[in-house]
Every structure is written in structure tokens, then in C-alpha cells.
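**Q** Please build the complete structure, drawing on both the sequences and the hints.
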Amino acid sequence: MTFRLATWNVNSLKVRLPHLLDWLGAERPDAVCLQETKVEDASFPLDAIRAAGYQAVFCGQKAYNGVAILARSALTGVTHGIPGFADDPKRVIAATVGGIRVVSLYAPNGQAVGSDKYAYKLRWYEALAAWTKDELAGDARLALAGDMNVAPEDRDVHDPKRWEGQIHVSELERTALRRVMEAGLVDAFRLFPQPDRSFSWWDYRLAAFRRDWGLRIDLVLLSRSLAARCRACTIDKAPRRLERPSDHAPVIAELQ
DNA sequence: ATGGTAGAAACTCTA
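Residue numbers (the working numbering): 79 to 334.
There's no promise every hint is true.
Unchecked claim - With a Cα cut of at most 27 Å, we get these calculated DSSO-like pairs of lysine-lysine:
1) LYS315 / LYS92
2) LYS92 / LYS140
3) LYS140 / LYS195
Stated by the list, open to error - Now the in silico label distances, taken between C-beta atoms and shown as ranges:
4) SER303 / ALA141: 11 to 21 Å
5) ARG322 / PRO273: 39 to 49 Å
6) ARG288 / THR157: 21 to 31 Å
These aren't lab readings, by the way, just hints derived from the structure by calculation.
Beta carbons: idealized from backbone N, C-alpha and C, even for Gly.
**A** Right, dumping it as C-alpha cells:
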């Protein structure tokens with residue numbers, strides 16, 4: 079029995095709902111973490127998602143941010159945000175599904191290195207690392223999945239020289255992400271051989287997708303016990319090729 | 001390759 083866990087920054091659930099429903103129907107993932115839903119809870123398209131065979135928990139706001147978890151089985155123990163980190167933007171929701179603690183994450187973008195938003199991004203990551211340490215105490219089956227807004231290594235960047243020191247790639251951001259992983263998580267994608275130039279996000283501008291000017295910033299991070307069960311992790315570029323796509327592609331990890 | 005596009009909302013911000 080396999081369990082397929084996906085993450086997808088949909089950049090407006092309202093606009094992307096047809097793509098999402100088609101993709102759920104085609105891929106039938108067991109659980110999906112969504113980011114940038116940009117929809118208040120009262121407007122969440124729960125009926126359409128239920129009709130597709132999924133339950134949902136969500137935490138959204140108008141215009142910006144917003145996260146959700148969809149699942150084909152029950153979602154229990156739902157929590158919002160990072161404990162002890164006061165934060166207005168809706169970036170974090172967690173639930174237990176299929177015996178796995180699943181966290182849907184939308185990390186701060188950071189805007190520019192050295193900006194106030196960059197400092198906030200680093201603080202957010204520090205809080206995430208502390209929380210992850212707590213969650214991993216004992217034999218935790220924990221999966222953090224989402225738009226981490228950091229490309230972990232140069233091979234996750236289409237042009238590392240051009241991006242050197244820039245937002246998503248700077249050393250402090252990479253260290254901040256590493257601190258989360260050092261709590262005891264592994265990048266599911268790198269458990270397996272992967273094609274060169276594997277990316278999950280391409281800017282809408284400058285025909286970046288056509289030119290494959292991308293970054294891999296959407297990650298599934300697994301605790302050791304889950305990593306041992308992981309049999310594959312792939313990026314599905316198909317939805318990025320559609321008309322009016324999200325700027326992100328979904329990532330799917332398959333657990334045995 | 002130093003601009004540009006997309007989304008939401010509202011005459012601009014965020015990514």
C-alpha cells in the first residue's frame with residue numbers, strides 16, 4: 079500500500095481550481111499540500127474538492143498567502159501556524175493523515191537580501207527549525223511539504239552564477255533551511271537520481287518557463303522513518319505547460 | 001537578461 083504525498087503552490091486556488099481538479103483526477107494523490115490559495119476560509123471551494131473525493135483543511139486570507147491540506151482519508155489534529163511564533167500571514171497548517179504528521183508550508187519570499195522581509199524570512203525559518211526539533215522528538219513520522227522559497231543547492235538553480243547571493247539562494251537562507259533539515263529531515267527529491275536542471279518554479283516574466291530559467295524551491299522534507307519508506311519523488315511539469323498556469327509545478331513523493 | 005507577467009484588489013502590492 080503506497081501513500082503519495084504532493085505539494086503544489088497553486089497561486090490562487092480560485093483561478094487554478096480547474097487545473098487542480100484535473101490533476102487530482104489524473105494523479106490521485108493521497109494527500110496534497112497547497113500554498114498561496116489566496117482565499118478566505120468562507121470562500122474555500124470545499125464542495126468541488128469534496129466532489130473530487132478529497133477532504134480538506136485550510137487556513138487562508140484575502141489576496142495573499144493561504145495554505146491547505148487535501149486528503150482522501152481523514153485529516154485529524156489540525157493546527158495553524160508555528161507554535162510560539164506570532165505571525166499574521168497564513169503560511170502553516172498541519173494535520174495527521176494516514177499516520178503521518180503532514181505540514182503544508184508557505185515560507186516567506188524575502189523579497190530582497192537585507193530587506194525587512196528578508197529578516198522576517200530568517201526569523202520564520204528559525205522558528206520553524208525549533209518547532210521541527212520538538213515535533214521530531216521520539217519516533218515521529220513527519221513530512222514538511224511546501225514552497226520553501228529557498229533553492230537548497232546550486233544544482234537547484236538554472237544559472238547559479240547569475241543567482242549567487244540573491245534572494246532564494248543566499249547563504250543565510252540556505253543555512254536557515256539546513257537548520258530545519260538538521261533537526262532530522264531529508265529532501266525526498268535527493269533520495270533518488272534526478273535529471274539535471276530539475277526545477278519547480280519558473281518566473282512568469284521573461285518567458286522563463288520556455289527558457290527553463292527555474293529554481294527548485296518546492297520541497298518534500300521527510301523524517302528518517304518516512305525517508306526509509308520513500309520510493310520516488312518527482313516534479314510534474316505538465317500543469318506548468320497548461321494555459322494560465324501556476325508559476326509552480328507540483329512535487330509528488332511516493333511512500334511505501 | 002536589469003525587464004518583464006500574473007493575481008488580487010483597487011488606483012498598488014506581492015511574488
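**Q** Now tell me if each hint is right for this structure.
**A** Now for the hints, and whether the structure bears them out:
For the hint pairing LYS315 with LYS92, the CA-to-CA distance comes to about 20 Å; that is within 27 Å, so the pair holds. Between LYS92 and LYS140, the direct Cα distance comes to roughly 11 Å. Compliance with the 27 Å bound is thereby established for this hinted pair. Using a Cα cut-off of 27 Å, the hinted pair LYS140 and LYS195 holds, with the two alpha carbons roughly 19 Å apart. The supplied range of 11 to 21 Å is broken by SER303 and ALA141, whose beta-carbon atoms lie about 38 Å from each other.
Taken as a hint, the range 39 to 49 Å is violated for the pair ARG322 and PRO273, whose Cβ atoms sit roughly 26 Å apart. Between ARG288 and THR157 the C-beta distance comes to about 40 Å, which lies outside the given range of 21 to 31 Å.
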